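Asks: Sequence:
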Amino acid sequence: MAGDKVFIPRMTLTPSDARIPFKFQRRQFPVILSFAMTINKSQGQSLCNVGLFLKKPVFTHGQLYVALSRVTSRKGLKILCYDEDGKVTNEATNVVYKEVFRNLEDRSFE
1 MAGDKVFIPR
11 MTLTPSDARI
21 PFKFQRRQFP
31 VILSFAMTIN
41 KSQGQSLCNV
51 GLFLKKPVFT
61 HGQLYVALSR
71 VTSRKGLKIL
81 CYDEDGKVTN
91 EATNVVYKEV
101 FRNLEDRSFE
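Its first residue numbered 1, the sequence shown is counted upward by one per residue in full-length UniProt numbering.
Calculated pairs, DSS-like style, for lysine-lysine (alpha carbon to alpha carbon, straight line, at most 30 Å):
{"#": "1", "residue 1": "Lys41", "residue 2": "Lys5"}
{"#": "2", "residue 1": "Lys75", "residue 2": "Lys56"}
{"#": "3", "residue 1": "Lys56", "residue 2": "Lys5"}
{"#": "4", "residue 1": "Lys55", "residue 2": "Lys75"}
{"#": "5", "residue 1": "Lys41", "residue 2": "Lys78"}
{"#": "6", "residue 1": "Lys41", "residue 2": "Lys87"}
{"#": "7", "residue 1": "Lys78", "residue 2": "Lys56"}
{"#": "8", "residue 1": "Lys5", "residue 2": "Lys55"}
{"#": "9", "residue 1": "Lys87", "residue 2": "Lys75"}
{"#": "10", "residue 1": "Lys41", "residue 2": "Lys55"}
{"#": "11", "residue 1": "Lys78", "residue 2": "Lys55"}
{"#": "12", "residue 1": "Lys41", "residue 2": "Lys75"}
{"#": "13", "residue 1": "Lys55", "residue 2": "Lys87"}
{"#": "14", "residue 1": "Lys41", "residue 2": "Lys56"}
{"#": "15", "residue 1": "Lys87", "residue 2": "Lys5"}
{"#": "16", "residue 1": "Lys87", "residue 2": "Lys56"}
{"#": "17", "residue 1": "Lys5", "residue 2": "Lys78"}
Using C-beta positions, here's what the derived DEER-type ranges look like:
{"#": "18", "residue 1": "Arg19", "residue 2": "Ile79", "range": "32 to 42 Å"}
{"#": "19", "residue 1": "Lys78", "residue 2": "Met11", "range": "21 to 31 Å"}
{"#": "20", "residue 1": "Asp83", "residue 2": "Cys48", "range": "24 to 34 Å"}
I should point out that these hints are in silico values taken from the structure, not numbers from a laboratory.
As the structure is a prediction and not an experimental result, all values here were calculated from the model.
Ideal placement from N, C-alpha and C gives every residue a C-beta, glycine not left out.
Based on the provided sequences and hints, a complete structural model is requested.
Replies: Spelled out as structure tokens, the structure:
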């Protein structure tokens with residue numbers, strides 16, 4: 001990933017719009033502008049499209065919930081997860097601090 005060099009070929013495009021009285025071609029790179037932010041930075045926002053790239057499990061309690069709950073519809077959510085072996089998977093680990101639950105069990109509520 002980081003530091004890898006990739007070849008992006010330029011594509012020749014010829015518009016087929018009948019309203020244009022002449023033909024032309026243009027060459028461009030097939031890229032789309034996109035933006036990225038951390039899960040913490042996204043907290044409190046509502047977004048139409050969210051893509052989660054989970055190369056490693058999220059590392060903080062509740063972080064997966066924050067990431068998944070930013071998107072306003074299921075259609076706008078895309079997730080790419082990897083397991084410990086680096087293989088694509090359809091499972092993500094939701095990190096929970098077990099100490100929080102232990103502290104709750106130890107307390108007596110009045």
